[in-house]
Amino acid sequence: MHRDQGVRGHGYGALDVMRVRQDFPALHQEVHGKPLVYLDSAATALKPQAVLDACAHTYGRDCANIHRSVHTLSHRATSTYEAARARVQRFLGARSSAEVIFVRGTTEAIHLVAQSYARPRLQPGDEVLVTELEHHSNLVPWQLVCQATGARLVPVPVTDAGEVLVEAFAERLSSRTRIAALAHVSNALGTVLPVRDMIRLARERGAATVIDGAQGVVHAAVDVQALDCDFYAFSGHKLYGPTGVGVLYGKRELLADMPPHQGGGGMIETVSFAGTTYREPPYRFEAGTGNIAGVIGLGAAIDYIEGTGLDAIRAHEEALTAYGMQRLAEVPGLRLVGTAPGKAGILSFVMDGVHPHDLATVLDTEGIAIRAGHHCAQPLMERLGVLATARASLAMYNTRDELDRLVQGLHRVHEVFS
Amino acid sequence: MSLVLSLVLSLGTEASMSNLPELYQAVLLEHAKNPRNAHLPEGANRTARSHNPLCGDRIELALTVDQDTITAVGYRASGCAISRASASVMSEAIRGKSLAQVRALSETFHALVTGRSPEAQPESQGAAQDPTALGDLAAFGGVAEFPMRVSCATLAWQALTAALTSNRNDAPG
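These protein sequences, in sequence, are chains B and P.
Just so we're aligned, residue 1 is where the first sequence starts under my numbering, counting upward by one.
Just so we're aligned, residue 1001 is where the second sequence starts under my numbering, counting upward by one.
Derived by calculation from the structure, the hints in this document are not laboratory data.
Worth double-checking, as some hints may not be accurate.
The calculated lysine to aspartate or glutamate pairs, modelled on EDC-like cross-linking and capped at a C-alpha distance of 20 Å, are [claimed, not checked]:
| id | chain 1 | residue 1 | chain 2 | residue 2 |
| --- | --- | --- | --- | --- |
| 1 | P | Lys1033 | B | Asp352 |
| 2 | B | Lys34 | P | Glu1145 |
| 3 | B | Lys251 | B | Asp228 |
| 4 | B | Lys34 | P | Glu1022 |
Sample of chain P residues at the chain B side, in silico, Cβ under 8 Å [to be verified]:
| id | residue |
| --- | --- |
| 5 | Leu1023 |
| 6 | Tyr1024 |
| 7 | Cys1055 |
| 8 | Gly1056 |
| 9 | Gly1079 |
| 10 | Cys1080 |
| 11 | Ala1081 |
| 12 | Ile1082 |
| 13 | Phe1146 |
| 14 | Arg1149 |
No residue lacks a Cβ here, since even glycine has one placed at the ideal position from N, Cα and C.
Only chain B is shown next, with the shape it has when bound in the complex (with noise of 0.2 Å):
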C-alpha cells in the first residue's frame, strides 16, 4: 500500500470538494456546449486562484529581479522566492533548503544528476537501472549519458498488471549498478512502485538512486529522508503551480560535490579570464534568471495543498479511483491497462475496436478531457502490447458525478464505433 513508500500523515478528514472546485477558474467553463470535465490533471494540473494570484503579484507587484538588487522591490521578491524554498523543503521532508534546486521541471532535474553525477563517474560497463515504465523524460537523459559514457541501460521488467516487483528489481542489481532511476508512481498506469525498499536494496549495493517524483508528489506525500533516496525531482505544474518550474533535491554531501551544469550569472562566486570559481549548492545550479515568478506560484501551490489538508485530498482520490475503477469496468469493450494493487488516481484503459484518439475526440464532444496517445512511454506501450492508451487522471477538484460522466461519454463511443 502506498503509504508505506515514503508517506507522512496519519488519519483522514473529509474533502469539500464542491468548495475546492470554487478555488479553480478554469473548471468553470463549457467545451462544445457542455460543462468541462477535466481528467487530463496528469499532463497537468488545473491551478488555484492563490497561485494565480501569487504570480500577478510577482508581476504586477514585486516585479525585481532577485539576490543582486539592493532596492526594495528586490528585497521582497528575493524574500518571497527563499520562503518557497524554504517551503519546498519542509514539504519534502528534506533536511536543509540548500538541498532544493529550481529547475525548469522533471526533466531538467534528472539531466542536471545525468550531466553533474552521473556523467564523471560513470565507466565503461557501468550498469544505470530503470523500469519498463519510465517517462521518456527518465529514460532518455540516461541513455545520452550511458552512450557518452560506455555504461549500459537495463530496465526493470514490468508485469503484465504493470507493477515493479522488487524482486525483479533485486535480480537486476548487480556489482555493475551505479545508479538506479525510478519512477516513485507511473504517469501511464498509476502503480505506486516499491521505491523505498528499491532505494534501499541500492543502497546495500552502493549504487545512487534518482527518483522521477513527477506524479509521486502528487499522489503519494513524499518525505525524501524516510525514502533514503540521493536525488528526487518533480515539477511544479503537476502540483497545481505554474508550468516552467521544478525542482531537484539532492542530498547536501552529493550536491557539493557536483560541478555545475550550467554556468552564469548567480551562481559564481568571482569571474575572471584567469579562472571563475562557483557558489555552493544550491545555487551553483541557478544560473541566470529563473522563473521567479513560477517558484512563488508553487510556493503558493504548496499552501494551497497543505491548507486543504493532505490526507483530506489523499483519502479524496483514493474514493473517487476506486469509484472510476469500478464503474469502468460496466463499459463493455473496455480493458482497464495497469491494475496494480494501491495504484494511484491514473485510470488507463482501451476499448475494443476503438482508437484512443478517437475515443477522445468523442469525449472532447461532450467536454471531458481525457488524454490518449503512448504517454511519453513508448517502451512501457510496447511491453503492454498496446500502441496508445485512454487516460483518464484525477485530481483534488474531480467528482463522482464527472465519473459518471466520463461513462456515459464511453458508453457513447461504444455506440458510435459498434
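Assemble chain P onto chain B, guided by the hints.
Positioned in the frame of chain B, the structure of chain P alone reads:
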C-alpha cells in the same frame, strides 16, 4: 454509390456547430470498418510511407501510374478511424484519374478539412466548387471543427504527394 447527399445538406446548415455526427458520420465510419483497397497492388511503380507521430497512424501507399493516369491504388494503414477512412475514401477517389485531377482533388480536400472555403482556392483544373462533386470525400468536412485531427485526415494524401513526387519505388516515408 456514395451516401453523401443528405449528409452534405446537413453539413451545409450546421457547419458552425461542433457535434459528434459532424465528424464520425456514417460514411466515414463505414469506410473505417470496411476499408476499400486495403492491400498493396502487384506491379506498383510509385510507393510512399507516411506516419503521424501524434496518433501513431501509419500508411504504406502503392500506386500504378501509367501515362499520367493512376490505374491501380492500394495501401496498408493502421491507426485511428479518421486516418483509415481517409485512406479508403482517397483510394476510390483517385483511381482512374489523371495526375492533374488528383492534384486538384488534393488541394480541395485540404481546403475542406482545414475549413477554408473552396471559393478561396486558386482555380485549378477539375477543382470542385460544388461539394457534391467530392463524393465520399465530403464526409471529412467535419474535421475542420477538430483541428487536432486534421493530420489524421491528411496522412494518406501526404503519402500520395510523396509517392507522386518521387520518380520510382524509392520514396522514403
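Status of the hints after comparison with the structure:
Proposed proximity of Lys1033 (chain P) and Asp352 (chain B) is supported: the alpha carbons are some 13 Å apart, at most 20 Å. In summary, the hint linking Lys34 (chain B) to Glu1145 (chain P) is supported, as the alpha carbons are separated by about 16 Å, within the 20 Å threshold. The straight-line distance between the Cα atoms of Lys251 (chain B) and Asp228 (chain B) is roughly 9 Å, inside the 20 Å bound, and the hint therefore holds. Under the criterion of a C-alpha separation no larger than 20 Å, the hint pairing Lys34 (chain B) with Glu1022 (chain P) is consistent with the structure, at around 17 Å.
With a least beta-carbon distance of about 7 Å to chain B, the hint placing Leu1023 (chain P) at the interface is held under the 8 Å criterion. With 8 Å as the threshold, the beta carbon of Tyr1024 (chain P) comes within range of chain B, its nearest partner Cβ sitting at about 6 Å, so the hint holds. For the restraint placing Cys1055 (chain P) at the interface with chain B, the shortest Cβ-Cβ distance is roughly 5 Å, inside the 8 Å limit, so the hint holds. A cut of 8 Å between beta carbons decides the hint on Gly1056 (chain P): the least distance to chain B is about 5 Å, and the hint holds.
Taking 8 Å as the C-beta contact cut-off toward chain B, the hint placing Gly1079 (chain P) at the interface holds, the least distance being around 6 Å. Among the interface hints, the one on Cys1080 (chain P) holds; its C-beta lies about 4 Å from the nearest C-beta in chain B, closer than the 8 Å criterion. Interface hint status for Ala1081 (chain P): upheld, as the beta-carbon distance to the closest one in chain B is roughly 5 Å, under 8 Å. Contact between Ile1082 (chain P) and chain B, as hinted, is supported at the beta carbon level, the nearest pair being about 7 Å apart and thus within 8 Å.
Using the Cβ-Cβ criterion of 8 Å, the hint placing Phe1146 (chain P) at the interface with chain B is satisfied: the shortest such distance is roughly 6 Å. With its C-beta approaching chain B no nearer than about 6 Å, Arg1149 (chain P) sits inside the 8 Å limit, and its interface hint holds.
Of the numbered hints stated above, none is contradicted by the structure.
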